[in-house]
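A.B. asks: First to last, the sequence lines map onto chains A and B.
Counting in UniProt numbering, the first sequence runs from 1 upward without gaps.
Counting in UniProt numbering, the second sequence runs from 1 upward without gaps.
Heads up, some of the hints might be wrong.
[To be verified] Partial list, derived from the structure: chain A residues whose beta carbon lies under 8 Å from chain B: (1) 276; (2) 361; (3) 391; (4) 520; (5) 552; (6) 569; (7) 579; (8) 593.
No wet-lab data here; the hints were simulated from the structure.
All values derive from a computational prediction rather than experimental measurement.
Glycine included, every Cβ here is placed at the ideal spot set by N, Cα and C.
The residues making up each chain are set out below.
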Amino acid sequence: MESRRNPRAVVDPKVRQVGFFTSSSQPDSTPQPDPIAPASHPVSSISPSGNSLSPVMIPPPRHNSSDTFPLRAAAASAVSPSSFSYSSRRDFPDGSTTASPGRVSRGSFAKSSVPAASSLPGVGMDSMAAATSSSVPASRLTTVSIVNMPPGLTEKASGKQVQSDQMKNSKPLKEKTTKAERRALQEAQRAAKAAAKAEGGKAPLVTSGSVASTSKAAKPAKPSSQKNEGAVAAGPSEKDRKKDAPHPRMQYDDESRVVKAKRRAVVKQTEAKNRVELFRHLPQYEHGTQLPDLETKFFQLDPMHPAVYKVGLQYISGDISGGNARCIAMLQAFQEVVRDYSTPPEKTLNRDMTAKISSYVSFLIECRPLSVSMGNAIRFVKNRIAKLPITLAEYEAKAALQSDIERFINEKIIMADNVIVKHAVSKIRDGDVLLTYGAATAVEMVLLHAHELRKKFRVLVVDSRPKLEGQLLLRRLIKRGINCTYTHINAISYIMHEVTKVFLGASSVLSNGTVYSRVGTACVAMVASAFRVPVLVCCEAYKFHERVQLDSICSNELGDPNAISKVHGREDINYLDGLTNNANLQFLNLMYDATPSDYISMIITDYGMVPPTSVPVIVREYQKEHLLV
Amino acid sequence: MPDVQSTVLEFVNKLRKRKIEGSQATARYTVELLRSVISQQRVPHANQASALIDAVKAVGEQLVAANPVELAVGNVVRRVLHIIREENLSLTTAAMAGLDLMDASDDDELDNSKGIGYPAMSAAVVAAARSTLRPPSLQTLLEGTPESATVPYTSSSGADSESKSKSADKSSITRKLKHDVIEEVNQLIQEIAGCHEQIAEQAIEHIHQNEVILTLGSSRTVLEFLCAAKEKKRSFRVFVAEGAPRYQGHLLAKELVARGLPTTVITDSAVFAMISRVNMVIIGAHAVMANGGVIGPVGVNMAALAAQKHAVPFVVLAGSHKLCPLYPHNPEVLLNELRSPSELLDFGEFSDCLDFGVGSGSPLLQVVNPTFDYYYLDYRGGHNPSYMYRLIADYYSADDLVM
């Protein structure tokens, strides 16, 4: 089979398994092996489509497939299916990387049509079309255009399969550098040109099309590795991409913008008198003043949907807290919004509903700054709205949206937690002493499940002021009969000796591996790593974010400063009474902090257990595919 | 001396019930008590030094046993013992010099020959005598007295000097020794009482304009240190970690605000988040161990680790009475104190769960391992933790380390 191996194509792509394994083995879905060059590519044996293992792949520094294939494409029009390299697949319209059966019919063409290993579907297909135009019938060419159709229709078919695959944790991940991408692109263009020349005037139209699509696709090629959904759907427009780029967050020391925002605001916030200088860029409001005011306005607010309003009030009062709970509450409110929605005359559903959701979101932000999980969920909802086909009737669109949101809640939050629990429990052994900080829902589920499995372990609950969430967790754990010890974060180095593993929750995981979580998590992780205790972070993948954060100061949330001066339940601690208005005395109630990735041994997500260095991989893969849920 | 015994018992009781808090107060009480013990101790004609040492040791053992965690007690007792030995030694050498050089050495001349003020003629002899009797000390190096480097180590044990002191004029030395010791102890009392001011004097050298300083716990040394810099018109910010569950940070913040320092109170959990914007961490210590480790208020370890991560200077302020000649072994457990769990958890709320076995403890103190980059400042200036052993050799005599 190695008879025709091209010496230049020998270099295998480097394959690294980072911990993603498909649970179901899928037979090689390539329809028929190409007689000429299938074996010339060792890749095929390990490529995701051909193997049950779908490892994370790092492309070789020199993209040999792209070097060789133009030649081959020019020489012989038939191309091996194996040449469908992972780098090109990444941007395939349906975003799935496993060759799902639903795609094969389409893929049978697509596969044979991407010889140039180009990074973008349009390029690959069109150039291939140019190259193979002699052998491929014209009808096939139209299939290409179908692939490039607005994804509203095509996605639905494949999306489910993608989802089912993914629920089995069979999400394969690949790595790719933009440099390789660019080179591939160049080669593709060259190939297309060469092919066009070789074909003479046979397919001038297609060639021009290919070039056009190449140039169009060239722009997103670079940022696509960072930007999430930019290159997902076939040929996203420039406008879409702009919208998808993460907005710079509102900086509250920018006075003109603050004034503008205030004019629009529903919630009347009174600014704290005694603001901490270092955190001018964050909103610092008096707490406890807005709630009565808002409650009285409950029946007067016309534009606000009551469900959203209710959720907002719950955010302010702190009745709903925790990333998952807040996100689910918001999504359920949005479901009600969708249910009660009717398109006003002269407006389209897509635009009007997006605007509505945006206004609701800004109301929720006024109540409490968004968490990353909520931001991702909102992005999902908006994307779903934008992608609704215009042809759909209103009731259909609403039903589709509602079920989409429902599915997001079920699969991204509830199912994800179950998977995390399954993974994390495997790390708990008899005799372990587990330390946890605060009250992370995922960690709590892990502990309870491990207890149900009759594992014998002890839990150290570490807590900190002012929220003392650990006490709630402690209560729940004790109710189930788990042996617990409770202490404050200051004493952590006293108890760290006996700890065997540290389980932490996270509000968000950023793409540099930083874990953004309840304040104090960084301290716990730091002390644990100083004592050489492994730190395991449980976090659902929908909370991952492509942003990068270096410290806990640039982006954070400030809680009620008065919670610090008053010690609940300790009347003897009253040193600071009456000093709260002193200009020299400030109280800083930080809500989150950023844990550097070096303190973290492992992040447990619904995609498996990964080191913090693999976060960007998940971010990229996940962000692409979560739009297709 | 029943009155001394009763005050000793009273003090022991106070220590046992933790009525006296803070190492400075404890150290002062201890040294004052020891002074009265010494002054009331009837000394025999022979072996008066060892009699004094025995008396001080007996009281010291009681005090240390009353609160072994309060290391300042043991430190002060050792300091006093060291003073007695030193005084005895200097008297002996002076007597020897007097015997050798002069046939008749009267009391007046001996009085003059105390401390550094030796008559010039006998200085060389005295130095030689001292160098044979005691290990080279930093003090002697600084004084510039000639000293042969090859002097073998001879312990300044009581027996060694006693035999020589016999030959000295007994009646004068008996009175003189006690007098000198009390004089020295008085100096020690002044030193302990004035340690805050002496440390605070150096503040201006360490704090610059617009500095951001993190501190935790409540220490008078830190308070005076910061205020001294403030008085010198330096403007800087102070972040105070509140130090749950005792909330000593609140106390410190209150005092700082009262003195007009811009203060921000943060939770203990926010220490890591804030440390990246902090220029210096300044804490007060409970004790400084012989290996350079610092025992400080709970939470110190966390702050020190964070400071190390961000390469922030970590300054420990401690008076010399906090310098402990012991090497910590498993100090988290052995040199620690657990306070009532009720400070952390409301028993009423959890009374139904307690039989499930909630154990909660709030260790009062914790230990920083000496691997960190922190510094030690006492009234003589700044020192690196690795230098602690040398200071200890200066302050304490090797015989007293184990009491």
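A.B. asks: Indicate, hint by hint, whether the structure satisfies it.
C.D. replies: Checked hints:
no. : hint : in the structure
1   : 276  : holds (6 Å)
2   : 361  : violated (27 Å)
3   : 391  : violated (51 Å)
4   : 520  : holds (3 Å)
5   : 552  : holds (4 Å)
6   : 569  : holds (6 Å)
7   : 579  : holds (6 Å)
8   : 593  : holds (4 Å)
Hint check: violations occur at hints 2 and 3; the rest are consistent with the structure.
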